[in-house]
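*Asks:* Please build the complex by placing chain W on the supplied structure of chain A, with the hints as guidance.
If you're matching them up, the sequences are chains A and W in order. Going by the numbering used here, the first residue of the first sequence is number -18, and it counts up by one from there. Going by the numbering used here, the first residue of the second sequence is number 79, and it counts up by one from there.
One thing to keep in mind: the hints can contain errors.
Derived SDA-like pairs (lysine to any residue); straight-line CA-CA distance at most 25 Å [as the list claims (entries may be wrong)]:
| no. | chain 1 | residue 1 | chain 2 | residue 2 |
| --- | --- | --- | --- | --- |
| 1 | W | Lys236 | A | Val105 |
| 2 | W | Lys236 | A | Leu110 |
| 3 | A | Lys102 | W | Leu263 |
| 4 | W | Lys236 | A | Leu212 |
Honestly, the hints are just simulated from the structure, not real lab data.
Residue-level listing of the chains:
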Amino acid sequence: MTHKKILIIFSALAVLYWILCLSGAAGTAVALGDMAIYVITVCVLLLVCVRVFMGAAGAGNSPFYAGAFGLCALAVSEVYAILYIYVWQGNPADITVAQFNRNCALMFFVAGLLALLRGTKKRVAVIKLGAGAISCVPPALVFYAILIDYPPLLYRPSLVNVVLCVSLSVYIFFQTPRNNANRAFACSVSAMVLLESAYRLLIIYNAVYLWRDLVDSLYPLVYVYLGINLLRMRERGEQSE
Amino acid sequence: MSDLSFQFLSGFIATVIPLLFVAVMIDDAGSRRIILYFCWGVFAGVLAYDLNNYFGSAWGQSQRMTLAVAPMIEEVCKGLPMLLFLNVKKYPRVTKLIVFCAMASGVGFSIQESTYYFAISSREFVDLASLVVRTLTTALMHGMTTAAFGIGLLLFSKHQHIIIPMIFGLFSLCASIHALFNLLLYTQLAFISMIIPIAMFVAGWFFIRSQGSG
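Looking at chain A on its own, in the form it has when it is part of the complex (with noise of 0.2 Å):
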């Protein structure tokens, strides 16, 4: 099945389930609905992960490794926070293990994008110590916020890896004008990361469910879509560093 079918058919996914949400179902439809869905997406992502792993071995493919970690643990979120909420019947705004993984899951993107930067070697080298050792403070912050059990922490967006993220992606679109992989993956990376914070600022800000619903119901579409510029960097050959 090609790329372009797989968006396709998530995009269709999307649609189905804002549907439901929109028509007011029972509660139970559209809480399977918006399980099988993640199901779904899971699914893709470790299958992704698996291609991107195999073969992609040697030097000058840390962009794909480290794309490939994060969507593992975006997977492994996303798993924990299913199972919490219909199998544990916890509360769901209290899934403090997932928040801190999605937190962490940016980091590796942020490695990622790190590993694509190109330029004088002194430059990159600052860029990269340095913003890799920023990405660490939200993930820190939020480690300490579970340790001492303070909530209000944990559900603060990570506003320094969303500008992180969204200056690298920016900066490697123009920086790689005829790499269309590359600033694909920068691109993909970059509505991730908005659409991440968009959702944690409708909970912050206690938001109507349907908009929220919105948000939910286009995370799949994302993952999926920024799994699929993976494989597309790897296909081509893209090299790193």
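*Replies:* Okay, now just chain W, sitting in the frame of chain A:
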């Protein structure tokens, strides 16, 4: 020091001191390193127990402690010495050794934890089957989550500039898999929590075999 904390500590001393003698006798640096990482794992069991108690006091329910605090603390304690491998110039031929040492640390931790779990459990609730099942799944889970951390380090050890975000990410990934295992263990889907470590072991085995000699 509580009785249990003393039991943990005495288990650590009784295990580690004899193993240190073995480590001194062994010529092969790689094998010695694996034994020392195993000893660290046993010590990490003591350290994690005290840290869990310290941070867990802020948490009212043991369930939330099991799902959120313990996995993070335990994964950090087990994986901490793996950071020594970051200096790849100093250890040029360590490809598989990183993974073996990581697994040894995780298994050492698990042995310490399981021993005292059974020591404090009532005889009525612990039979041979549960002992075998817990040892098989928990030991493998602890070993393989740390091994996953080692595999990540192995892949990125040559890319020093992006290693900082990767380390944090790897810790989180291991902690989440650990939390997922703990979450499933007490539900009707417990069989999945048994499959997770076995699947990770098989994947790790194939990964190690694909690396060739070195």
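*Asks:* For the pair we were handed, A:Lys102 and W:Leu263, check the Cα-Cα distance against 25 Å.
*Replies:* Distance of about 49 Å is beyond 25 Å: violated.
*Asks:* Straight-line Cα separation of W:Lys236 and A:Leu212 no greater than 25 Å?
*Replies:* Within the cut-off at roughly 22 Å; holds.
*Asks:* Check whether the Cα positions of W:Lys236 and A:Leu110 lie no farther apart than 25 Å.
*Replies:* With Cα atoms ~14 Å apart, W:Lys236 and A:Leu110 stay inside 25 Å; holds.
*Asks:* Checking one constraint from the list: CA of W:Lys236 to CA of A:Val105, max 25 Å. Satisfied?
*Replies:* 16 Å, holds
Hint 3 from the list above is the single one not met by this structure.
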